[in-house]
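> Below, each chain spelled out in residue letters.
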Amino acid sequence: MSATSADPRITGARLAPKRRIRLSWSDPTFRSIVWQIVIVGIVVGIVWYLVDNTNKNLAARRIATGFGFLDRVAGIPIGESPISYNPASDTYGRALWIGVLNTLKVAGIGIVLATILGTLIGIGRLSSNWLMAQLTGFYVEVIRDIPLLLQLLFWYTMLQGLPAPKQSWRIGDAVFLSNRGIKVPYLIWENAHTWASIAFLIGAVGAFMWNRHAKTRQEATGIRPAVWPVALGLLLALPLAVWAVLGAPMGVELPVLRSFNFQGGGTVSPEYFALLLGLVLYTAGYIAEIVRSGIQAIAIGQWEAAGALGLRRGAILRHIVLPQALRVVIPPMTSQYLNLTKNSSLAVAIGYQDVVSIANTTLNQTGQAVEGIAAIMAVFLTISLSISLFMNWYNARIALVGR
Amino acid sequence: MTAIGRWTARSAVLAGAVAAFAFGGTAQAQGSGSATLDASVKRGHMLCAVSGQVPGFSLADSQGVMRGLDADTCRAIAAAALGDASKAKFVATTTQNRFTALQSGEVDVLSRSTTWTLSREGNLGLMFAWVNYYDGTGFLVKKSSGVKAAKEMDGASICVQPGSSTELAIQDYYRLNNMKFTPILIQDLSEIQAAFLSGRCDAYSTDASALATFRFSQGPKAEELMLLPDIISKEPLGAMVRKGDDKWFDIVRWTFAAMIVAEEKGITQANIDTFMDSKDPDIRRLLGLEGDMGKALGVDPKFAYNVIKAVGNLGEMWDRNITPMGVPRGINNLWTKGGLQYAPPMR
Chain F
1 MSATSADPRI TGARLAPKRR IRLSWSDPTF RSIVWQIVIV GIVVGIVWYL VDNTNKNLAA
61 RRIATGFGFL DRVAGIPIGE SPISYNPASD TYGRALWIGV LNTLKVAGIG IVLATILGTL
121 IGIGRLSSNW LMAQLTGFYV EVIRDIPLLL QLLFWYTMLQ GLPAPKQSWR IGDAVFLSNR
181 GIKVPYLIWE NAHTWASIAF LIGAVGAFMW NRHAKTRQEA TGIRPAVWPV ALGLLLALPL
241 AVWAVLGAPM GVELPVLRSF NFQGGGTVSP EYFALLLGLV LYTAGYIAEI VRSGIQAIAI
301 GQWEAAGALG LRRGAILRHI VLPQALRVVI PPMTSQYLNL TKNSSLAVAI GYQDVVSIAN
361 TTLNQTGQAV EGIAAIMAVF LTISLSISLF MNWYNARIAL VGR
Chain U
1 MTAIGRWTAR SAVLAGAVAA FAFGGTAQAQ GSGSATLDAS VKRGHMLCAV SGQVPGFSLA
61 DSQGVMRGLD ADTCRAIAAA ALGDASKAKF VATTTQNRFT ALQSGEVDVL SRSTTWTLSR
121 EGNLGLMFAW VNYYDGTGFL VKKSSGVKAA KEMDGASICV QPGSSTELAI QDYYRLNNMK
181 FTPILIQDLS EIQAAFLSGR CDAYSTDASA LATFRFSQGP KAEELMLLPD IISKEPLGAM
241 VRKGDDKWFD IVRWTFAAMI VAEEKGITQA NIDTFMDSKD PDIRRLLGLE GDMGKALGVD
301 PKFAYNVIKA VGNLGEMWDR NITPMGVPRG INNLWTKGGL QYAPPMR
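Protein chains in written order, with the working numbering: chain F, 1 to 403; chain U, 1 to 347.
If you are wondering where the hints come from, they were derived from the structure by calculation, not from laboratory data.
With a cut-off of at most 25 Å between alpha-carbon atoms, the simulated DSS-like pairs for lysine-lysine come out as follows:
no.	chain 1	residue 1	chain 2	residue 2
1	U	K309	U	K87
2	U	K180	U	K143
3	U	K295	U	K265
4	U	K87	U	K295
5	U	K142	F	K166
6	U	K143	F	K166
7	U	K148	F	K166
8	U	K247	F	K56
9	U	K221	F	K166
10	U	K234	U	K180
11	U	K89	U	K247
12	F	K56	U	K243
13	U	K148	U	K221
14	U	K180	F	K166
15	U	K337	U	K309
16	F	K166	U	K151
Modelling step: build the complete structure from the supplied sequences, incorporating the hints.
Right under this line is the structure:
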């Protein structure tokens with residue numbers, strides 16, 4: 001069939017756009033409207049039946065219902081929380097919100113690290129260095145063949161094998177590595193730091209603008225103004241100057257070993273670290289394959305043509321191949337980001353308190369399983385849709401513009 | 001079972017339970033007056049939720065037979081309800097899916113070292129039938145840590161199972177004493193025990209009974225572990241059923257009463273047949289020789305006989321399962337011997 005013989009319904013509609021709808025089964029528009037009404041009716045009916053039946057069943061079993069429990073004082077302990085939490089006065093709602101933040105903390109950082117590692121390994125698989133290609137290939141096969149849950153338990157068990165706090169491995173009096181996690185010094189935050197951060201953001205915007213300017217100049221004149229000295233100045237010197245002007249405060253809180261544990265300083269808990277490590281290493285295996293296939297999808301002629309222009313391999317990869325490969329890579333990459341986020345719910349197996357873990361505890365203490373599961377689903381749906389929307393937007397932005 | 005297997009199994013229970021609310025029909029009583037009993041008879045066995053991981057309470061032996069106080073509780077109920085202790089089928093549950101499993105009808109009885117609390121009866125649509133173990137929250141520490149009392153543990157990391165009443169009890173205790181602790185919450189029992197043994201936590205906290213049996217199960221290494229003398233909460237453990245089936249509740253409750261009366265009267269698994277010509281009206285009613293106690297419950301008139309023949313009296317159940325773990329009976333003894341177990345009259 002040739003490309004011109006399009007669907008007759010569509011072409012028909014184009015030829016006679018203002019045709020009246022006949023109330024006849026032979027009318028395609030009428031038919032499609034009827035079908036749509038029927039399907040919407042079925043979906044609404046099923047949803048209504050499920051909700052109604054659930055409510056009846058819960059009432060018959062005399063189980064409390066509704067989301068009122070979100071305002072009740074939680075009283076459940078939470079191991080690590082990015083925001084303050086007091087079990088004696090904070091609500092289940094806040095506890096669940098902490099769970100959401102903990103999930104975002106591991107998923108967000110995990111996605112960034114997995115992308116970097118996966119890209120490096122994917123490029124490594126195509127290396128002309130035999131050892132490099134074999135090692136990365138081995139990594140991909142091994143990582144992809146072992147269930148993620150086992151990998152998480154493996155890393156968690158390994159981290160538990162670290163020495164006790166009193167015998168911890170240390171770097172001076174500042175960094176401690178023990179089975180209680182990694183303890184690092186904590187910067188005592190002051191106004192100067194806030195202003196320096198703002199200066200950094202302004203610098204970043206400035207550097208971005210300068211880069212665009214440089215590009216325009218290059219396209220107009222063929223001469224590219226130096227970017228890095230300006231960027232360095234804006235990103236580093238400017239915030240440092242602001243910080244210095246405001247008195248250069250540099251209060252550091254060191255972790256100190258008390259009777260049981262370290263007090264003060266920042267902590268990376270073994271639970272978080274094991275989960276992050278497991279998710280990053282696992283997802284990187286898949287991302288590596290996506291990157292490799294994306295690079296291989298670029299016609300060899302592109303390499304050869306760039307080579308003929310005198311570009312070196314690294315430059316070809318950076319400027320010619322990767323930007324094109326990105327178009328192939330983004331859609332499957334979105335799936336991997338979604339997978340990583342959803343896989344973070346395995347946290348419950350190793351005691352990291354993500355949203356699933358806290359919602360499980362909540363539904364157990366309040367007995368409201370339906371609401372608890374609904375909350376988990378709503379959270380993951382929101383996160384996943386956000387990732388999808390962003391990636392679709394990015395995909396549309398870098399797509400080839402048809403002219 | 002492997003970690004993955006356990007994992008999928010428990011997720012399936014929770015997912016199934018929630019689905020049961022959405023898709024399941026509403027229960028209706030018919031026949032014996034107990035929908036649960038009727039369903040069990042039809043099915044040919046009774047479904048009983050246990051932990052399956054706690055020595056002394058429910059743990060499969062080398063033959064794959066579930067052993068322990070909770071497991072025997074299930075057998076006793078099956079013997080009373082269905083006339084055959086072997087008709088108790090065990091379903092392994094976690095602290096997190098146990099209530100959903102019972103609420104949704106996935107199991108008929110929850111016998112999983114579960115604490116009787118107001119909010120569980122008030123909010124969960126469940127009823128507490130009887131206590132098979134009067135327990136309290138305790139702490140297990142390593143002797144090498146030098147800790148001698150719970151009050152010395154300010155700042156400690158404590159391993160605890162999420163979704164348990166222990167979790168709330170410790171939180172209250174630390175709040176009351178103005179101390180801080182870091183909770184390490186892991187769902188899987190063997191994982192959390194491994195975390196404690198590896199030193200991730202300074203203490204492992206749960207019901208003192210489970211701590212004692214866990215310590216015992218460590219064999220020669222038990223000497224390195226110490227149970228702190230502090231018991232920081234009341235944890236009456238026992239069997240729960242769903243609300244809305246009062247006849248079934250009666251059967252479960254009076255199964256316990258029968259075992260207590262049997263112990264009071266000195267009736268054991270071994271000597272029960274010698275009591276069949278007893279003149280004592282209490283014993284005659286218990287064994288179904290007189291009156292119609294079984295009929296009132298909607299079960300076999302000889303239900304108590306079946307229970308005692310299958311698992312023995314309450315004391316025998318204790319001696320078989322808990323005594324080997326080195327735990328004294330204490331307040332779990334009969335009321336006549338300074339304990340709390342007291343049965344209302346069976347008449």
